[in-house]
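J.: Residue numbers (my numbering), protein chains in the order written: chain A, 1 to 222; chain Z, 1 to 116.
Just so you know, the hints here were simulated from the structure itself, not pulled from any lab data. Don't be surprised by glycine CBs; every beta carbon is placed ideally from N, CA and C.
Each pair of labels, with its calculated beta carbon distance range: (1) A:Gly14 with Z:Ala115: 21 to 27 Å; (2) A:Val216 with Z:Pro15: 49 to 55 Å; (3) A:Asp72 with Z:Gly32: 36 to 42 Å; (4) Z:Leu53 with A:Ala121: 21 to 27 Å.
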Amino acid sequence: MIVADRKPIEEIIGYLKDHKNILVLGCNECVTVCEAGGKKEVGVLASALRMHAKKEGNEVKIDEVTLERQCDREYLDEIRDSIDQYDAVVSLACGVGVQFTAEQYHSTPVYPGVNTCFMGATEKRGLWTERCQGCGQCILATTGSICPVARCAKRLFNGPCGGSTDGKCEINAEVDCAWQLIIDRLKALDRLDEYEKLCPLKDWSTDRAGGPRKVVREDVQQ
Amino acid sequence: MRLQYPPNIRIVRVPCSGKVDLIHILHAFEKGADGVCVLACLEGDCHFNNGNLMARRRVEQAQEILNSIGIGGERAQMYNLSASEGPRFAQYVTEFTEKIKDLGPNPVKLAKNKAA
Ligand code: SF4
Ligand code: SF4
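From just these sequences and the hints, can you work out the full model?
T.: Structure (structure tokens):
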């Protein structure tokens, strides 16, 4: 899933200082799971914003809505009838949701209410870690299902650098060396022969290097 | 045992302190409460294992938010005591009430009253 983290309330208050009718818009998917932008977090932020406004003596209306997703038009359409009541939206969805909401509602400013961090997994409640950087050419088949793009600080493809020490990465003793993980896993799978194979040059044009990307599937288009 | 405790507190019963969510605490302040204290069982004594530990975290979250919006985190407080400790209950709520009196009324309530 896409992992996001909460933004400081002070920062959000700063964005909203000139607005009087504000919609705090949550998303029911990834950001709900990572407890940054679901219905609960919408309630908390909206309550804090209302209290702040009141304390400052500002007459501000702050409403709360949480959509199933903000990255699909059909759900964003649910606020079409009410959007004109608002002069600003704070979206607690990931950066995709913030942008897609703004694209649907051209004349309403949409501010980000979270910091979108990475694609990752829930290790346990309150701990999310990165797993994939969407490089567009997945090579997990040869690396024991451990991603050197996302998990090796240097994105190395043919074994560890010289800084790998006791299974930890040289950037930080708390970070696992991805290549140590890969080798351990290949060993466990009895597939160390994969490690011996030279990984060819990776085509980075499908990664960010090639500019904004798209997936086109004419077979499913309507 | 008849114990005196301040009459201006409003008791909200919950089945376990773990039931108290951050939003409940914030809504209390939004509605004008001057202070909110969560009274929970002693740590290690929760019948549901960790309800009181979760309550403590939520009180801390509320404190953080109240600080960042200028209402004062010290208006939310956590106390641990056992269910049989009546005198301690009275002592804690008296202490808390005194502390809140010193802090003065909730600024949200003051602003609301002024506007009305
Ligand atoms: S190789 Fe690319 S697509 Fe596969 S997990 Fe790593 S970043 Fe993601
Ligand atoms: S120590 Fe391991 S994870 Fe870190 S940069 Fe070197 S090879 Fe990559």
